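> Hey, can you work out the whole structure from these sequences and the hints?
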Amino acid sequence: MSYLSTTDFAEDQAFVDRFRRTMRGDLELSWMDVPREEAACRPQNERRGLTFRDLDVGSYGFTEMPERIRQNRSFAPRGAVLPPGLPDLQAEVNRKSEVWAYNIEGYYEEAMTRQWNATTDIPWDELQRTELPEEIGKAYAQLLTFLTEVEMIATDVPAKWMGSLNADFFEVKNFIATQAMDEARHTEIFRKRALSTGYGLMRASAHNEFNLKFLRDADTFAEASLALHLQAEGMVLTLFRFSEYISPTEGDKKLFRLVMQDEARHVGYGMQHLKWVLDHFPERRALIHDHLDEAENFVFGGGYATEVVEPFIILSGKGLKKEQIAEGVRITNAFQLKQIEEYFERLAKCGLPERRERSRLWKLVDMNREAIGNLAPAPGLQA
Amino acid sequence: MPLRFPSLAFFEALQREMRTERERFARLGFFDTTFGIRVLPEGAGAAAEFVLAFEVFDCVRVAEGLAGVETDFIAEGSFSAWREMLDNIHALGAADAAHSFNTLTHFGERLSLRYEDPDRHDKAYRFAESIQEFFDLSSRLAFDYLDGTRPPASREPLRRTAT
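Taken in sequence, the protein lines are chains V and W. With this note's numbering applied, the first sequence has no gaps in its numbers, which climb one by one up to 383 at the end. With this note's numbering applied, the second sequence has no gaps in its numbers, which climb one by one up to 163 at the end.
To be clear, the hints were calculated from the coordinates, so they are not data collected in a lab. Do not take every clue at face value.
Derived DEER-like restraints, expressed as beta-carbon distance ranges [claimed, not checked]:
| # | chain 1 | residue 1 | chain 2 | residue 2 | range |
| --- | --- | --- | --- | --- | --- |
| 1 | V | Ala-204 | W | Arg-150 | 48 to 54 Å |
| 2 | V | Lys-363 | W | Arg-155 | 47 to 53 Å |
| 3 | V | Leu-50 | W | Asp-117 | 28 to 34 Å |
Bear in mind that the values here come from a model prediction, so they are computed numbers and not experimental data. Quick reminder that beta carbons are idealized off the backbone N, C-alpha and C, glycines included.
Right under this line is the structure:
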C-alpha cells in the first residue's frame with residue numbers, strides 16, 4: 001500500500017458534515033449546472049450501431065484533441081469537466097503522436113465485433129478424431145509450443161502499457177485491451193491444440209525468448225508498438241497464413257484463419273500508427289531505424305532458430321524423407337522470403353521506403369533467393 | 001436458365017445466400033472490404049471480372065467489371081483454378097484443407113491476390129473467416145460451368161464449427 005490518502009475522511013469534519021446533510025436530503029447539486037458541452041450522438045449508420053466515430057464531436061471527440069495533453073492528468077473521461085484537486089496520475093505517455101493511429105476507432109469496433117471463442121468455435125471433437133503421423137504431430141506440437149510462447153508475451157506487452165497512457169487516449173487504451181484479449185485467446189488456443197495432438201508441448205526456444213524480452217522491454221510505447229505491432233506481428237501474420245497453408249486438417253485451418261484475423265487487425269493498427277508518427281512526429285525517424293536495427297537482429301536470431309524453422313520444413317514437406325525435406329526447405333524458403341518482402345512492403349507504405357536499403361535482413365533475402373529454386377513468390381509481391 | 005459460373009447471376013445468388021445467414025455472419029463480426037474476382041480464360045479471350053462489396057454484416061454490392069473500381073485486392077486465377085475450388089466446396093459443403101481460399105492464394109500457385117496497398121491487402125486476412133464462409137455458401141447453389149458441366153454432387157458436408 002504505497003499510496004495513502006492525504007485525508008482521513010472519517011475524521012474530516014467538513015466532509016462528514018456535508019455527507020450527513022446530503023443524507024438528510026439537503027442536496028448541493030453544484031455538479032448539475034456545471035458549464036459543459038451537451039451532446040446527443042446518434043449512429044451515422046444504424047446497421048453498425050453507435051460507434052466511437054459517432055462520438056467524435058467537440059471536446060468529447062478525438063479530432064480536436066491536442067498533440068500534447070497538458071490539462072487532463074487524471075482518470076477523468078475526455079470531455080468531462082475537470083474540477084480542481086484531481087490527482088496527477090503521471091501517465092508516461094501524454095503525446096498523441098506517440099500512440100495515435102489513423103482509424104483507431106474503426107479498429108476498436110472491428111475488434112469488438114470479431115471476437116471469437118477458442119473453446120466453442122473450433123471443432124475439437126473432429127480434430128481429436130484425426131490422427132497425425134508421428135513426425136507431423138511432433139513438428140506441429142513444436143510449432144504450437146513456439147506460438148504459445150510468442151502469444152503470451154504479445155498479451156503482456158499491450159497490458160503493460162495500457163495503464164501508462166493518458167486517459168484521454170481511451171480509444172487506444174480500449175484497442176490494446178482488445179489486443180491483450182486476442183493474444184490471451186491465441187495463447188489459449190495454441191496450448192489447447194498442443195495438448196490435444198497427443199504429443200503435448202515440446203521445447204521452449206531460448207533464441208525466441210531473447211526476441212520476446214526485447215519486445216517486452218521497449219523504452220517507449222512507440223518503440224513497443226513498432227516492434228510488436230508492425231515488425232513482430234507483421235511477420236507472425238505471414239507465419240499464420242503459412243501455418244494455415246500447411247495445416248493438416250480443416251479444423252486447424254479454421255484455427256489459423258481465426259488467429260490471423262486478429263493478427264491482421266493488430267498489424268493494421270501498427271501500420272496506421274507508424275504512418276501517424278511519421279506524419280506528426282517526423283523527428284522520430286532516426287529512432288525508428290535504430291529500434292528496427294535491433295528488432296531485426298532479434299528476429300533473425302529468434303525466427304530462424306532450429307526449433308522454429310525445422311517444424312516448418314517437416315510440415316510443409318509433409319514428412320522426414322529426403323525428398324520431403326527437400327520440398328519442405330523449398331516451401332519454407334518461399335515463406336521466409338514472402339515474410340520479409342511483406343515486412344518491407346508495409347514499412348514502405350507507412351513512409352519508410354529507405355528501410356529496404358538499410359536493413360540487414362536483405363542478407364537473409366539473398367540467401368533465400370539463392371535457395372528458393374523454382375517455387376515462385378506470390379505474384380502480388382512481384383510488382 | 002441455369003445459374004452459370006462465372007456470371008453476375010452466380011455472385012448475386014451468393015449474395016442472397018449470405019443474406020439468409022445474417023446471424024452467422026453477424027457473429028463473425030464487421031466485414032468491411034471491397035474486392036475483385038478475376039476469372040482468366042484458359043485460352044484466348046477476355047477475363048470475367050466482378051466486384052464484391054461487403055459492409056457491416058452484408059454483401060451490399062455485386063457488379064460486373066473492375067474498370068475504375070477501387071478494390072482492396074483482386075483474387076485472380078484461371079477458370080480451372082476457380083472451378084477446382086468450387087467443385088471441392090460443392091462436393092464437401094465447405095473447402096477442405098487443400099482448397100481453402102488462403103491456401104489457394106498463399107503462394108499464388110492456383111489463385112493469387114493482386115494488390116497495390118499492403119494495408120488493404122491485409123483485409124483478406126482481417127476478414128479471412130467471413131470470406132471463406134462466403135465462398136463456402138456456393139455449396140448450396142445449383143449451377144453449371146461455361147461448358148455445360150456441373151460440379152460434383154454433394155457428399156457428406158464438412159463440419160467446421162463446434163456448435
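> All the hints need checking, so say for each whether the structure fits it.
Cross-check of the supplied hints:
Separation of Ala-204 (chain V) from Arg-150 (chain W) is about 52 Å and conforms to the stated range, judged on CB atoms against 48 to 54 Å. As the Cβ distance of Lys-363 (chain V) to Arg-155 (chain W) is approximately 49 Å, the hint placing it in 47 to 53 Å holds. For the pair Leu-50 (chain V) and Asp-117 (chain W), the supplied restraint of 28 to 34 Å holds, since their beta-carbon distance comes to about 29 Å.
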